[in-house]
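S.K.: Sequence:
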Amino acid sequence: MLSIVIPVYNEEESLPSLYSELQEVLSSLNIQYEIIFINDGSTDKSLSVLKEIYSKDSSHIRIIDLRRNFGQTAALLAGFQHARGDLVLSLDADGQNDPHDIPLLLNTLTEEIDVICGWRYPRHDPFFRKILPSRVSNFLNRKINNLDIHDSGCTLRLYRIEAVKNLSLMRGEHRYIPAILSHQGFNISEVKVNHRPRVKGKSKYGFNRLFSGFFDLFMIKLLSNYNQKPIRLFAKIGFLFLITAFSLGTYLLIVKYALGQDIGDRPLLLLTLLLGLSGFQFLLSGFMTELIVRHTSYVNNPSTDITYHIKKIYE
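Just so we're aligned: the sequence shown equals residues 1 to 315 in full-length UniProt numbering.
The set of hints was computed from the structure by calculation and includes no laboratory data.
These numbers come from a predicted model, not from an experiment.
Treat the hints loosely; a few may be bogus.
[What the hints assert, rightly or not] Taking lysine-lysine and the DSS-like style, the derived pairs with C-alpha atoms no more than 25 Å apart in a straight line are: (1) LYS51 <-> LYS236; (2) LYS56 <-> LYS45; (3) LYS45 <-> LYS311; (4) LYS45 <-> LYS165; (5) LYS312 <-> LYS56; (6) LYS311 <-> LYS56; (7) LYS311 <-> LYS51; (8) LYS236 <-> LYS45.
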């Protein structure tokens, strides 16, 4: 069976057309399937639209209604943990992922591959707000985690159920599921998929997630041997200090070697050194704190680190 997992947050306008396309594609494949919509605390009429879809096709549709908005990571985990199929496919509810690519992902899956990632090519999004941050993040992901994936932010992915059934994530880490699974020994591949411009609703993401993404990438690599993920505070401060120290150090090198001026008696040199040392100290403190917090969280709830609460399941 194929389980389709779709997080939904304020997508009332996109849902009817998305369901129609999914029904068209899946009915042509001659396979058993279920579509799991996770209503992530929508404040519009998304739940009402989903109930209407459910009333028409209750044999294939399931709705997980969360009590409030827990975020896309939690919504995906809820879908993964309630999936009944041996294959799980995730995609966005905004209509930008093309359901007609589902057969392509299914045909690309082989015995040696555990996860097929969609690569949105070409991508139809605002360049500075979404494409540029995504390119920077994907470049760092390839370099830091040694994972040859060009589009870590694409939700359209096909998983074997054993890869995601007991997946442990923290908030915002859904973008790096391939990197996390790769560190756990699962084989990852990718295929180019169609990406469509958003025509209904509003985007929920933008440039502001770039910096938290940098930190997620670094800590996924740092803690991969421990299968643990951090909170955020210490390392964010440490990164800020290190970036500032690097910028000041670059400026001082230009002053010394390009302008030929002495920098030995400049207070800025001392500030640069202090910021650099403090940055490393904050990173180390954050790392140790993360180990302690994660260990406590794992003892109390070994299945997952992110929390969500279900109001009702329609099935």
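S.K.: All hints are to be evaluated individually against the structure, with a verdict given for each.
M.R.: Evaluated hints:
1. Distance check on the hinted pair: LYS51 and LYS236 sit about 42 Å apart at the alpha-carbon level, beyond 25 Å; violated.
2. A threshold of 25 Å between alpha carbons decides the hint, and for LYS56 with LYS45 the separation of about 17 Å falls inside it, so the pair holds.
3. At most 25 Å may separate the alpha-carbon atoms for a hinted pair to count; LYS45 and LYS311 meet this at roughly 16 Å.
4. Taking the CA atoms of LYS45 and LYS165, the gap is about 30 Å. The hint is violated against a cut of 25 Å.
5. The straight-line distance between the Cα atoms of LYS312 and LYS56 is roughly 19 Å, inside the 25 Å bound, and the hint therefore holds.
6. Restraint check for LYS311 and LYS56: the C-alpha separation of about 22 Å stays at or below 25 Å, so the hint holds.
7. Proximity of LYS311 to LYS51 is assessed by CA-CA distance (about 14 Å); at most 25 Å being required, the pair is judged to hold.
8. The suggested pairing of LYS236 with LYS45 is violated, with an alpha-carbon distance near 37 Å, which exceeds 25 Å.
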